[in-house]
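S.K.: Which chain is which? The protein sequence lines are E and D, in order. 93 is the number that the numbering used here gives to position 79 of the first sequence; each next residue is one higher, with no gaps. 1623 is the number that the numbering used here gives to position 418 of the second sequence; each next residue is one higher, with no gaps.
Be a bit skeptical, because a hint or two may be false.
[Stated by the list, open to error] Under the rule of at most 20 Å between Cα atoms (straight-line distance), these lysine to any residue pairs were calculated in the SDA-like manner: (1) D/K1295 - D/D1277; (2) E/K49 - D/G1535; (3) D/K1295 - D/D1323; (4) E/K63 - D/Y1565; (5) D/K1491 - D/H1669; (6) D/K1322 - D/T1357; (7) D/K1585 - E/T62; (8) D/K1574 - E/Q70; (9) D/K1279 - D/S1214; (10) D/K1446 - E/N76; (11) E/K41 - D/E1547; (12) D/K1581 - E/I60; (13) D/K1588 - E/I60; (14) E/K41 - D/E1543; (15) D/K1574 - E/E59; (16) E/K99 - D/K1495; (17) D/K1574 - E/L74; (18) D/K1208 - D/G1225; (19) D/K1446 - D/Y1313; (20) E/K26 - D/G1225; (21) D/K1574 - E/A69; (22) D/K1570 - E/N32; (23) E/K26 - D/S1561; (24) D/K1574 - D/A1562; (25) E/K63 - D/K1574; (26) D/K1295 - D/E1226; (27) D/K1570 - E/N64; (28) D/K1295 - D/K1446; (29) D/K1208 - D/D1671; (30) E/K99 - D/S1308; (31) D/K1658 - D/D1591; (32) D/K1495 - D/Y1672; (33) D/K1446 - E/D86.
If you're looking for bench data, these hints aren't it; they were derived computationally from the structure. On a predicted model such as this, the values are computed, not experimentally measured, just so you know.
Here is how the chains run, residue by residue.
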Amino acid sequence: MKAAITQDEVKKIASLANLGLNEEELKRFPSQFNKTLEVVDQLNEIETKNVSETAQVTGLTNVWREDEIDKDRTLSQLEALDQAKESHEGYFVVPRIIE
Amino acid sequence: MVKLLHQLSVGEIREAYLNGELTCVGLVEHLLKRIDRHNPKLNIFLSMNDRAMEEAMEVDEQIAIEGHRIWDEKPLLGIPIAVKDNFLTKGMVTTASSKVLESYRPHYESTVTQKLKDAGAIIIGKTNMDAWAHGSSTETSQFGPTLNPWDTSRLPGGSSGGSAAAVAAELVPLAIGSETAGSIRQPAAWCGVVGLKPTYGRVSRYGVIAMASSTDSPGVLSRNVDDAALVFKVVAGHDPKDATSSPTPLSHMDFNKEDLKGIKIGIVKEYLGEGVSETAKEAVMKAAGKVKELGATVEEVSLLDPRYAIGVYTILQRSEVSSNLARFDGIRYGNGRENFGEESKRRIMLGTYALSAGYYDAYYKKALKVRTEIVKEFEKVFKEYDLLIGPVSPGPALKVGSTKNQPMFGEIEDRLVEASSIAGLPGISVPMGFENDMPLGLQITGKQFDEEKVMQAAKLFQEHTDYQHFPKLNDDAD
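Only chain E is shown next, with the shape it has when bound in the complex (with noise of 0.2 Å):
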């Protein structure tokens, strides 16, 4: 998969992650980013055409608990808020995103 990223393709990468680039990283990322994909894209030597996926190697598949409230691992309405940049009559202020 030889792609070749643009600054364009950057911009719009940091806008899903919602990170804001300036205009010296966005300069700089496109090259970086190529670097970086020139050494994944070694990965395409090896052949897996018929291997399967390792997500992760526990060997572990759908653990379950009881469907029962741990008091010792919820946390109030006030800690849940007490480090919330802003708040309001119990909830968390965002920033607007319907008009």
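Chain D: place on chain E using the hints.
M.R.: Chain D alone, transformed into the frame defined by chain E:
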């Protein structure tokens, strides 16, 4: 020669407490003075536990009242320990060395630190790291790099650089670190201490600020293997709060073997290839000779070229990071996303790219498939061999500034340990010699859940060699 207080191992501290030769208050006071003296230059600790002396007094009371028996209940009673700043510690700010979490006060305690506290340990402070663990140098910390106690113009390695340096500088006898691909073993090698990375799933990740969730492994940095084993026994074990923690029971682990007869060890040919220093290669061959002397059979084995592990790790880590760091919105806690440093931004973005529509198959799925190949290859090798050895790092610690403008620095530095991390295997770094007066580390890797064999071999290697030293710090009054 009488040992100074900061030169004592955990076993020696315990003995001194029992013999009444030492009080916990005396030890903690001594270490705090030492930290005061050396931390401004070395930048190892980001924050200190201001209750440490109080806790030390409580320990002395407990010992006075309960005597010897208390150590059966609390195996780390009165042992000062440093903790990497990506473990949530209630009551102490936890930052992951990032400006995003500069004043974050954890809402809950990590399982590892809870277990340490329950075992009686005294957390002395939180150590510096690469920001979000994104690095292999501690140079990406947003609070300045930690300096290598052996040579302060050099880096301690990373991302658990602060923890490794804390033990090397003898500011604490033990430290907790975490490894995703090299972050315990590499700084251990660069700082000349023991670094244990347990099998993935052995030690709970609950309360550890997530980097790559499928490989993150909390572990230990220590002065010797026995101390690492002691902490491992305390922190390992199934945790219902971490769905990836393994129910596999710990083996007995008494380490009383006197030789390595019957053990078959493979030297990985590809770990002695291009880019690895001649001194490191010679040290590994010398180590191979030593384990042979101890009765092991040693043969050369061949594994997949490390550059494929670099590719897999690069994709997996950045993809998982992009997901894990999405939660830091600066709304519910912490500062906004504009506070992420350059390295972190790069990693988040590359991960976002690798997971995005149109690229997911080519990158993420492909990496997962190559991961399967790596896992299968190790399974095959471990059918015939008990342990694998090689250098941890291609050379000794590099100079401060080495990571500037090097977007793939970490991955390339860690290429000799990435494969074993990707496969979740247990590994240890033990000192194996020096290059230009800087320590070198030997990696000993075992099959899944086989920490016992890994540590047994490491312990015997240390006992029959003399590479475990500690640097003389400048302005050392004692």
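S.K.: With reference to the structure, classify each hint as holding or not holding.
M.R.: Hints versus structure:
A distance of roughly 26 Å separates the Cα atoms of D/K1295 and D/D1277; the hinted pair therefore is violated under the 20 Å criterion. Restraint check: the Cα-Cα separation between E/K49 and D/G1535 comes to about 31 Å, which exceeds 20 Å; the hinted pair is violated. Restraint check: the Cα-Cα separation between D/K1295 and D/D1323 comes to about 14 Å, which is no more than 20 Å; the hinted pair holds. Under the criterion of a C-alpha separation no larger than 20 Å, the hint pairing E/K63 with D/Y1565 is consistent with the structure, at around 16 Å.
Using a Cα cut-off of 20 Å, the hinted pair D/K1491 and D/H1669 holds, with the two alpha carbons roughly 12 Å apart. Of the supplied pair hints, the one linking D/K1322 and D/T1357 is violated, its CA atoms being roughly 32 Å apart against a limit of 20 Å. Taking the CA atoms of D/K1585 and E/T62, the gap is about 18 Å. The hint holds against a cut of 20 Å. Only pairs whose Cα atoms come within 20 Å are accepted, and D/K1574 paired with E/Q70 is accepted, the gap being roughly 11 Å.
Distance restraint check for D/K1279 and D/S1214: the Cα-Cα separation of roughly 17 Å lies within the 20 Å cut-off, and the hinted pair is therefore satisfied. Taken as a hint, the D/K1446 and E/N76 pair is honoured in the structure, with Cα atoms around 14 Å apart against an allowance of 20 Å. Between E/K41 and D/E1547 the CA atoms are separated by roughly 13 Å; this keeps the pair inside 20 Å, and the hint holds. Taken as a hint, the D/K1581 and E/I60 pair is honoured in the structure, with Cα atoms around 14 Å apart against an allowance of 20 Å.
This hinted pair does not check out: D/K1588 and E/I60 have alpha carbons roughly 23 Å apart, beyond 20 Å. Between the alpha carbons of E/K41 and D/E1543 the distance comes to roughly 17 Å, so the proposed pair stays at or under 20 Å and holds. Only pairs whose Cα atoms come within 20 Å are accepted, and D/K1574 paired with E/E59 is accepted, the gap being roughly 13 Å. Distance hint between E/K99 and D/K1495 is unfulfilled; the C-alpha atoms sit about 59 Å from each other, more than 20 Å.
With a C-alpha separation of about 18 Å, the suggested pair D/K1574 and E/L74 falls inside the 20 Å cut-off, and the hint holds. Restraint check for D/K1208 and D/G1225: the C-alpha separation of about 16 Å stays at or below 20 Å, so the hint holds. Taking the CA atoms of D/K1446 and D/Y1313, the gap is near 12 Å; set against the 20 Å cutoff, the hint holds. Between E/K26 and D/G1225 the alpha-carbon distance is near 66 Å, which puts this suggested pair outside the 20 Å criterion.
A threshold of 20 Å between alpha carbons decides the hint, and for D/K1574 with E/A69 the separation of about 9 Å falls inside it, so the pair holds. The hinted pair formed by D/K1570 and E/N32 fails the criterion: a straight-line CA distance of about 24 Å is larger than 20 Å. For the hint pairing E/K26 with D/S1561, the CA-to-CA distance comes to about 11 Å; that is within 20 Å, so the pair holds. Restraint check for D/K1574 and D/A1562: the C-alpha separation of about 18 Å stays at or below 20 Å, so the hint holds.
Note on E/K63 and D/K1574: the hinted pairing holds, with a Cα-Cα distance of about 9 Å set against a maximum of 20 Å. Between the alpha carbons of D/K1295 and D/E1226 the distance comes to roughly 33 Å, so the proposed pair goes past 20 Å and is violated. Among the hinted pairs, D/K1570 with E/N64 is consistent with the structure: their alpha-carbon atoms are about 12 Å apart, no more than 20 Å. Our distance criterion of 20 Å between C-alpha atoms is met by D/K1295 and D/K1446, whose separation comes to about 17 Å.
About 17 Å separates the Cα atoms of D/K1208 and D/D1671, which keeps this hinted pair within 20 Å; it holds. Between E/K99 and D/S1308 the CA atoms are separated by roughly 12 Å; this keeps the pair inside 20 Å, and the hint holds. Using a Cα cut-off of 20 Å, the hinted pair D/K1658 and D/D1591 holds, with the two alpha carbons roughly 8 Å apart. Only pairs whose Cα atoms come within 20 Å are accepted, and D/K1495 paired with D/Y1672 is accepted, the gap being roughly 13 Å.
Straight-line distance between C-alpha atoms of D/K1446 and E/D86 comes to about 11 Å, which keeps the hinted pair within the 20 Å bound.
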